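Chemist: Protein chains in written order, with the working numbering: chain A, 1 to 370; chain B, 371 to 740.
These aren't lab readings, by the way, just hints derived from the structure by calculation. Only a predicted model underlies this, so the values are computations on that prediction, with no experimental measurement involved. Built from N, CA and C at the ideal position, the CB exists for glycine as well. Any given hint could be a false lead.
Unchecked claim - Residues from chain A that keep clear of chain B, each with C-beta distances beyond 12 Å, as calculated:
| id | residue |
| --- | --- |
| 1 | L10 |
| 2 | K27 |
| 3 | T39 |
| 4 | S104 |
| 5 | R170 |
| 6 | P191 |
| 7 | D293 |
As the list claims (entries may be wrong) - Simulated pairs of lysine-lysine, DSS-like, Cα-Cα distance not exceeding 27 Å:
| id | chain 1 | residue 1 | chain 2 | residue 2 |
| --- | --- | --- | --- | --- |
| 8 | A | K41 | B | K411 |
| 9 | A | K2 | A | K294 |
| 10 | A | K294 | B | K411 |
| 11 | B | K450 | A | K280 |
| 12 | A | K27 | A | K350 |
| 13 | B | K650 | A | K80 |
| 14 | A | K80 | B | K664 |
| 15 | B | K450 | A | K294 |
| 16 | B | K372 | B | K650 |
| 17 | A | K156 | A | K173 |
| 18 | B | K664 | A | K41 |
There are 2 protein chains.
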Amino acid sequence: MKFEVVRSGLETRARLGRLSLAHGVVKTPVFMPVGTQATVKTMTPAELDESGTEMIVCNTYHLYLRPGHRRIQALGGLGKFMNWSRPILTDSGGFQVYSLAALSRVTDEAAEFQSHIDGSRHLFTPELVVEIQEALGSDIAMCLDECPPYPVSRQKAEEALCRTKLWAGRCQKAQKQDTNLFAIVQGGTYPELRRRSATELVELDFPGYALGGLCLGEPSGLTYELVDSVTDVLPSDRPRYLMGAGYPEDIIEAVKRGVDMFDCVLPTRNGRTGTAFTSKGRLIIRNARYSDDKRPLDEACDCYTCRNFSRAYLRHLFIAGEALGPRLLTFHNIWFFQSLMKQIRAAIDKGKFESWSRLFLDRYQSGKAG
Amino acid sequence: MKFEVVRSGLETRARLGRLSLAHGVVKTPVFMPVGTQATVKTMTPAELDESGTEMIVCNTYHLYLRPGHRRIQALGGLGKFMNWSRPILTDSGGFQVYSLAALSRVTDEAAEFQSHIDGSRHLFTPELVVEIQEALGSDIAMCLDECPPYPVSRQKAEEALCRTKLWAGRCQKAQKQDTNLFAIVQGGTYPELRRRSATELVELDFPGYALGGLCLGEPSGLTYELVDSVTDVLPSDRPRYLMGAGYPEDIIEAVKRGVDMFDCVLPTRNGRTGTAFTSKGRLIIRNARYSDDKRPLDEACDCYTCRNFSRAYLRHLFIAGEALGPRLLTFHNIWFFQSLMKQIRAAIDKGKFESWSRLFLDRYQSGKAG
Numbered sequence: 001m002k003f004e005v006v007r008s009g010l011e012t013r014a015r016l017g018r019l020s021l022a023h024g025v026v027k028t029p030v031f032m033p034v035g036t037q038a039t040v041k042t043m044t045p046a047e048l049d050e051s052g053t054e055m056i057v058c059n060t061y062h063l064y065l066r067p068g069h070r071r072i073q074a075l076g077g078l079g080k081f082m083n084w085s086r087p088i089l090t091d092s093g094g095f096q097v098y099s100l101a102a103l104s105r106v107t108d109e110a111a112e113f114q115s116h117i118d119g120s121r122h123l124f125t126p127e128l129v130v131e132i133q134e135a136l137g138s139d140i141a142m143c144l145d146e147c148p149p150y151p152v153s154r155q156k157a158e159e160a161l162c163r164t165k166l167w168a169g170r171c172q173k174a175q176k177q178d179t180n181l182f183a184i185v186q187g188g189t190y191p192e193l194r195r196r197s198a199t200e201l202v203e204l205d206f207p208g209y210a211l212g213g214l215c216l217g218e219p220s221g222l223t224y225e226l227v228d229s230v231t232d233v234l235p236s237d238r239p240r241y242l243m244g245a246g247y248p249e250d251i252i253e254a255v256k257r258g259v260d261m262f263d264c265v266l267p268t269r270n271g272r273t274g275t276a277f278t279s280k281g282r283l284i285i286r287n288a289r290y291s292d293d294k295r296p297l298d299e300a301c302d303c304y305t306c307r308n309f310s311r312a313y314l315r316h317l318f319i320a321g322e323a324l325g326p327r328l329l330t331f332h333n334i335w336f337f338q339s340l341m342k343q344i345r346a347a348i349d350k351g352k353f354e355s356w357s358r359l360f361l362d363r364y365q366s367g368k369a370g
Numbered sequence: 371m372k373f374e375v376v377r378s379g380l381e382t383r384a385r386l387g388r389l390s391l392a393h394g395v396v397k398t399p400v401f402m403p404v405g406t407q408a409t410v411k412t413m414t415p416a417e418l419d420e421s422g423t424e425m426i427v428c429n430t431y432h433l434y435l436r437p438g439h440r441r442i443q444a445l446g447g448l449g450k451f452m453n454w455s456r457p458i459l460t461d462s463g464g465f466q467v468y469s470l471a472a473l474s475r476v477t478d479e480a481a482e483f484q485s486h487i488d489g490s491r492h493l494f495t496p497e498l499v500v501e502i503q504e505a506l507g508s509d510i511a512m513c514l515d516e517c518p519p520y521p522v523s524r525q526k527a528e529e530a531l532c533r534t535k536l537w538a539g540r541c542q543k544a545q546k547q548d549t550n551l552f553a554i555v556q557g558g559t560y561p562e563l564r565r566r567s568a569t570e571l572v573e574l575d576f577p578g579y580a581l582g583g584l585c586l587g588e589p590s591g592l593t594y595e596l597v598d599s600v601t602d603v604l605p606s607d608r609p610r611y612l613m614g615a616g617y618p619e620d621i622i623e624a625v626k627r628g629v630d631m632f633d634c635v636l637p638t639r640n641g642r643t644g645t646a647f648t649s650k651g652r653l654i655i656r657n658a659r660y661s662d663d664k665r666p667l668d669e670a671c672d673c674y675t676c677r678n679f680s681r682a683y684l685r686h687l688f689i690a691g692e693a694l695g696p697r698l699l700t701f702h703n704i705w706f707f708q709s710l711m712k713q714i715r716a717a718i719d720k721g722k723f724e725s726w727s728r729l730f731l732d733r734y735q736s737g738k739a740g
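Okay, chain A solo, but in the shape it has when bound (with noise of 0.2 Å):
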């Protein structure tokens, strides 16, 4: 892996990167569509790429149970098992054995849980959550962590990022191929404890750091006030991940403060439920409003949906329970945080991204999608 920073702000610490994997180039600030399940609900490889997505996340937790990462790794690993040719980043399953499956004991040994498909036992130990991410073939690997929910204790979360520091610890011996293994900080919603955890993490030395355990419900200010405790502790040659982040404007915001890599379900799983992304805001396809609107869901967008389909039609299609609407939907709304991305780099580029970001979030916020 090489990172590398192309420019780095003038007027604020958005920066502009190159970030070169085993399977392609990502060009930083780089937003990853969710393929949980070794897909991205809905969509084909050949639309990600049409979408300009350039890499994705998959989830250890999910496929360590199904379809098993032995069997993936026999038939070729993630990439080809999926048929997508680029960079795959493969989240731990830290904040899955917390968030979805029944829990039964966290240790500093490792977390035991119960599995939510069958309710089966399983034992999640650093060791074993790389060698998983190892035989999957990740481009980018993360450590096990132990990721508290918020609201969470002083107390909770310096004992979480404790054992996330061993944890990360353990997991860089653990390798066995020259994975790309990045280090999650956490620390709740105390900055001195976020940068106490940035700081020990740095010292073991780890190609790219993220942040995790934010964008769970806490106020936005909280968040970047937390991600500004952490990023000037991070080393500037390194990428920096913010996990599950997000909003478009959290996105913007954490850009600002020299983040590097964003992940959300957002545009998936807002399309599937009827919610598109759109330049003036957010339109919710199911409002009778739209059941005779020839506009398409953004008059600025030329993505697949946008050039095609009346907001009539996706409302139809949503209303009759037809399959394609969440398609389209998830297609335009992956589309629009692909075409965020774009303009972010571009204003990088140019050094305007502080009255990029006006502009663009007026005209979001405005409130008048539809």
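Go by the hints and put chain B onto chain A.
Modeler: Quick look at chain B alone, frame taken from chain A:
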């Protein structure tokens, strides 16, 4: 509308034709995928084009109830609404009124029914059904028919064919545009009633004729016999349409007997539920034997699905409940049916339909799909 028989069978009654309609030329024998609610389930119009689909079938009953034919008309007609630029045939809704809606009462005057969506009461007269299809802008509209289920007594079958003929006459008189209105031959499983129905409808002089009330579960041999009983009564210069067929073997047998047009939910419905049609027969993708199978669904197929995904991956998508699975199998199945029709047309053109069909069916019925 113009229908030309380009080549008539030498060995069989199979024939090659060209059907010229307002929205384009359709090569016959043609297979029309079903887009009941103004969408061929999970597919984009671009994918239908790519599969070789030249014409689709939509449904009057469904579109009248939701989103409403007047709304579709105001949005520019059905083709524009769903962004399908090629021809559309609309089924009259007679079948759905009998099979799907809670039916209150049928008289010679009209069919009164309750919506399967909200229980609201509606009345379909032959005149209204023509009016709806004219509002939708169908390239081919169907007369309202009475479609009894299988099995049906001779008396009921006779009543249904009398009413169907009465309604066909009223539909003809109700036309306000130059719509291509096809009549529907009924008569249950009674060859002499079928011949009578066909003879009476031919006297009324329609541009095309359909065989209704078949492919409803009766033995295939009986279907073929009933098709045989009418195809020579129907004028050879008009297209013949076997509604609801069917399996590849049924299409081949009907083509042999002089049928030109087919529609069926099989490729889409089976695709959604995990059954793929292949050159060696059907394949149930959820089967555990495919867990580690690197091969495509059909090694003889070059559709997007077969060029890019293994059975192991497709199985994973179905087992994990991922929407991409139904999408990829539906695409493959429609491609398979269109490829079948291309082979049929090429074989008729070469005067080799009989020998081609033996080869195709030997392979297709070999039971070696998996």
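Chemist: With reference to the structure, classify each hint as holding or not holding.
Modeler: Tested hints:
Non-interface status of L10/A relative to chain B is upheld: no Cβ of that chain comes within 12 Å, the nearest being about 43 Å off. Under the 12 Å C-beta cut-off, the non-interface status given to K27/A relative to chain B holds; the minimum distance is some 25 Å. Not every C-beta of chain B lies more than 12 Å from that of T39/A, the closest at about 5 Å, which undercuts listing it as non-interface. Chain B leaves S104/A outside its interface by the beta-carbon criterion, the shortest separation being 24 Å against a cut-off of 12 Å.
Chain B leaves R170/A outside its interface by the beta-carbon criterion, the shortest separation being 30 Å against a cut-off of 12 Å. Every CB of chain B is more than 12 Å from the CB of P191/A (nearest about 39 Å), matching its label as outside the interface. Not every CB of chain B lies more than 12 Å from the CB of D293/A, the least distance being 9 Å, so the non-interface label is violated. Among the hinted pairs, K41/A with K411/B is consistent with the structure: their alpha-carbon atoms are about 16 Å apart, no more than 27 Å.
A hinted pair counts as satisfied when its Cα atoms are at most 27 Å apart, and K2/A with K294/A does not qualify at roughly 47 Å. With a CA separation close to 22 Å, the supplied pair K294/A and K411/B stays within the 27 Å bound. Among the hinted pairs, K450/B with K280/A is consistent with the structure: their alpha-carbon atoms are about 26 Å apart, no more than 27 Å. Distance check on the hinted pair: K27/A and K350/A sit about 16 Å apart at the alpha-carbon level, within 27 Å; holds.
About 26 Å separates the Cα atoms of K650/B and K80/A, which keeps this hinted pair within 27 Å; it holds. Of the supplied pair hints, the one linking K80/A and K664/B holds, its CA atoms being roughly 10 Å apart against a limit of 27 Å. Restraint check for K450/B and K294/A: satisfied, since their Cα atoms lie roughly 10 Å apart, inside the 27 Å limit. Restraint check for K372/B and K650/B: the C-alpha separation of about 37 Å exceeds 27 Å, so the hint is violated.
Simply put, K156/A and K173/A have alpha-carbon atoms about 26 Å apart, close enough for the 27 Å limit, and the pair holds. For the hint linking K664/B to K41/A, the alpha-carbon distance of about 22 Å falls within 27 Å, and the restraint holds.
Of the numbered hints stated above, those contradicted by the structure are hints 3, 7, 9 and 16, listed in ascending order.
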